[in-house]
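Enquirer: Assemble the whole structure, with the sequences as input and the hints as a guide.
Protein chains in written order, with the numbering used here: chain D, 167 to 504; chain Y, 167 to 504; chain A, 167 to 504; chain P, 167 to 504.
Just so you know, the hints here were simulated from the structure itself, not pulled from any lab data.
The structure presented is a predicted model; accordingly, all values stated were derived computationally and were not measured.
You can't tell identical chains apart in this list, so a pair holds if it fits in one copy or across any two.
Derived DSS-like pairs: lysine-lysine, alpha-carbon spacing no greater than 27 Å straight-line:
(1) K497 <-> K277
(2) K504 <-> K330
(3) K498 <-> K330
(4) K419 <-> K217
(5) K277 <-> K412
(6) K412 <-> K217
(7) K497 <-> K330
(8) K478 <-> K330
(9) K498 <-> K478
(10) K497 <-> K412
There are 4 protein chains.
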Amino acid sequence: MHLLRLSAIIFLTSPAFAQTPSSREPAVVFHASMDNVKATFGPAEPVAHVKPGGLLEANSLDCFGNALQKPGDPFSNIKIDNPLTGPFYIDGAEPGDTLVVHILDLQVDSKQGVGTFGPGFGAANSTHYTPMLEKEQLPSVAWYYPIDNERKMITFQALDSNFKVEFPMHPFLGCIGVAPAHGEARSSIVPAEFGGNMDAPEVSPGNTLYLPVHVRGALFYFGDGHAAMGDGEVAGSAVEVPMQAKFRVDLIKGKSTDWPRLENDHELMAAGIYRPVDDAVRIAVTELVAWIHRDYGLSELDAYELLSKVGKLHLTEMVDPNYVVIASVEKKYLPPRK
Amino acid sequence: MHLLRLSAIIFLTSPAFAQTPSSREPAVVFHASMDNVKATFGPAEPVAHVKPGGLLEANSLDCFGNALQKPGDPFSNIKIDNPLTGPFYIDGAEPGDTLVVHILDLQVDSKQGVGTFGPGFGAANSTHYTPMLEKEQLPSVAWYYPIDNERKMITFQALDSNFKVEFPMHPFLGCIGVAPAHGEARSSIVPAEFGGNMDAPEVSPGNTLYLPVHVRGALFYFGDGHAAMGDGEVAGSAVEVPMQAKFRVDLIKGKSTDWPRLENDHELMAAGIYRPVDDAVRIAVTELVAWIHRDYGLSELDAYELLSKVGKLHLTEMVDPNYVVIASVEKKYLPPRK
Amino acid sequence: MHLLRLSAIIFLTSPAFAQTPSSREPAVVFHASMDNVKATFGPAEPVAHVKPGGLLEANSLDCFGNALQKPGDPFSNIKIDNPLTGPFYIDGAEPGDTLVVHILDLQVDSKQGVGTFGPGFGAANSTHYTPMLEKEQLPSVAWYYPIDNERKMITFQALDSNFKVEFPMHPFLGCIGVAPAHGEARSSIVPAEFGGNMDAPEVSPGNTLYLPVHVRGALFYFGDGHAAMGDGEVAGSAVEVPMQAKFRVDLIKGKSTDWPRLENDHELMAAGIYRPVDDAVRIAVTELVAWIHRDYGLSELDAYELLSKVGKLHLTEMVDPNYVVIASVEKKYLPPRK
Amino acid sequence: MHLLRLSAIIFLTSPAFAQTPSSREPAVVFHASMDNVKATFGPAEPVAHVKPGGLLEANSLDCFGNALQKPGDPFSNIKIDNPLTGPFYIDGAEPGDTLVVHILDLQVDSKQGVGTFGPGFGAANSTHYTPMLEKEQLPSVAWYYPIDNERKMITFQALDSNFKVEFPMHPFLGCIGVAPAHGEARSSIVPAEFGGNMDAPEVSPGNTLYLPVHVRGALFYFGDGHAAMGDGEVAGSAVEVPMQAKFRVDLIKGKSTDWPRLENDHELMAAGIYRPVDDAVRIAVTELVAWIHRDYGLSELDAYELLSKVGKLHLTEMVDPNYVVIASVEKKYLPPRK
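Expert: Written out as structure tokens, the structure is:
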């Protein structure tokens, strides 16, 4: 954690980073409920202000607004998809800056998670955007997942047999982002340049997320907690849970990023977000090559070649309106940062 | 069906693996050279016969036919791309069977590997199949990689600076496959239903590969050894090396597989091979769901949901004429095999 | 349902079309200027109200806000992309209705059109969403097109030679749409379910456009007039012009459409809007099959087969953030409307 | 180079076309039957030799090998898909040349055509390469189309109702091509660089097709006659018919084409063949830009811009293993040929 901050200092330019007064200030604490959640990443009245360097502690509802609690609860109970906590106004943030979100802690806020399948959503079935004439065959169903928060284990229970199995928890936020560029407001099911519904397990404690600031105050939102998820989120959901989150937010003034990036002590991670997956890969790879070139000094061609030998590609989800790929490289394979 | 179960038992669990009668026969040993390599997966005179259960030991040239040996060697030295060792005629193999290839050992057959970039080939540059009007900007270049076979480490040396770094070896075969269906012959740069240039790190010692048999004798080929590779093989090459390989081949009679599959003690792995990546994912996921459903008894919907929680997707390459995704699941998350 | 049939009858067949009571009301007339244009399809204060059945007459600025007037005018003059005229509040429109827009007349409002190419935008060059490492090679340039409004002819003048050639005018609106669903606001360069920047030559006089109503009053916008355009708008622009437009708007109450549709006396046209083009085709074809099935009584399979013999596919643009395909069929090949 | 210019002149302008010495030779006449058709584009014993400038007259079976003749005929009667007539050895053709095929005449060789739908094949249903978990819903069915060869009209008869309708005939060849490069043999359902199953209505009388020569003699094949087809061949078939064809073949020595091209007095047409459709468009557009630049002298940027104003894109099929787009421009919009 210390090293993380150190790394951040170098990157952000500020030797004074660790001593900024704001980091000693009390955390901004906010409680999200169905009364104050939002359905879009976009302009909205801020629910609170946070200073650069400040701590933010807040909860999020699950992706169904906590509407599914037990077998038999009808999907019609769901009033909102991916209800978002926020927006938080980051003091001093202006278009052209980069918002830095240190994800300090995520605690699953329930003893149970939910998974669902619904026709029209999924990576290997007919969907709204890849419709097929056979489209109405699969039913809508929900699975309930007991969660053992002490042992950090989750139980899958099959619907069509008695099979049960445990698998490990990996808490992260499916939704995290800011108000988009160009005056847009985007549904909370959409990931794009502004972050959003990236469904990236990389958005987990210990990692730092960089997002482009498009409006004054940035307008930071988060939600859609996941206790665990498979690559691609192929059937359309993770282990969906309410979450308690703790962040430190910061700003890089006068320097923007075209697409979301993540970083920790060990890795650089560049997100590419679009369709088809091919284009998400192209975005992520060109972004990572540019990052290595600019901050670590390898030529673009050397960086490209090096990724061809030691780079990683992670397809986080292939079910939302845009698809997300994260290209990453371990810092130990790079020259010292410039 | 009997053989399938037998094969599965032997492969998956058996300390008796090495004592099956067939394995006591002497291995078929073959030496590949520029005089006998092939440029296509397709019908050709077999170079040797192998009995089901038998061992095969043979070498492969690197993907350039070993034509690049030192800085300055011109690309025009390359006479063939991905020269293939083979074909090997598997006695008794008939269309509708499955060829089982146990990858027992792979030894890098050189103290040096090569990586190259050439215009028109790569995941994030203008290519033959994704051409752009800006297409002629990047040069053709080669990187040479010293390999320490004892320490299993490889050294990257930047071309445009003095930067050097070591990374670990993971030997695998980029090319492995059989003669295609429908009387086709495919270039050794192509992956498809028959295997081929899958560039899958999963084709490594300890894993078993299942391939569909389309012609009598199956006609097994391999080549394109890689000492290590990043996900996606994004700049178009791995650490390209000659290889010494050792396989045990087997047959599952009367039962075919639509697409290549891999398996070891711990995982099921289904390959999807096409363009765009989205379709490769769809193929891999529907194949893995079907595999779990048929052999492990979960309903298709339960299997789909389970993958959405614990499944993995690996984009092995996005540079060849088709793209390759491997969907996998750990067996510990599945019911006992039926 | 009653209104739907009535509207259809009136539109499709009726010589009495001009005498419907509503059409006797004076047209709503509005003048767009840089002071009142909008940059997004989304919620905004209406500039005027229009009653169902009423006429609307208004102008639109060209896609650059009329900022490029002569060779040498810098691209930095452009303050807004695709400035939109509107929004117009359609009295009585509620979510779940369909907005019917009869395009009565379009007059090119200039003696000159403009075409531009800029790096990062186009169907066959590196773009924001399909980035390539060679990305910065092509320059930003503008072509100016003299327009002969009497002869309805346009002149192309090459920049790099003296070649000139005339081609015919086909005026249409690149942008036409309503406020999106889910509380979204989308940039005026985006086409999607709500219409938007479809760049469809089918949005021309004589055709009727159906759009889904997502918010009270529908909030109708238009702009981005084109004097002519090639399929795909491949280099990123049409012959961009200001326009004078005349519409009659109407409502189909209680019945929605998932995607934009167009119709005239002779054809049914269903739009599919997404990426890759493959998915735009799938959307357009499944929509057209459903339309034929529901309104003309062919089974889905017969409709699908018939389209395979006489259907048309038109790729209107492959340059905007989503791509647009219009699937169409001539009514003479269909049974009588139910 | 001499031949190229000669060929172009003769073809494009010359009333003297029919009197070239070679055309006075008797036509090569060949009769295809189930005994001599082929299932792949690839190396095979030639069925006849044709001299450059010579005429070729031959028939083709329909895409089912004429196996479906009346309602109720089982699909199991089909022994081969797209049986190919050929190969014809073109005397003097060598790798690096271009084969020129003038399509002189096509006569539908039946009073009936057939259309079919089968699961796993089609543009808007689950397929082999775009599989969905709902995949087995639609049935296999056949439609029979009476053909009036005098009136050049075809009758569609719905299966699920009594609806009938006539539509016009437009005869063309779905399959036309040569042996592929790199020693490949490709199934007759595949279109690619070598031509193949392009399902392009542009392969019709009056048009000339240019194909790359990859092997000595070129090895020319054709088949899969269509009496008519909708754009995209969306349900998977056209009006499938046996055909009588008449060609004149020619060679352009020492000059190749990367992708198939077509030409007539009025148009240049460049084919792009791959997946997704986006890439087929990119191929077709870059090829057409290059063609205009090289032969008509416009700069690449001017050519790109001109296509953005007057170019056409035709998605011929989106059902075969690769998809086909033809980008075209009318010659009247181009400078004089250089």
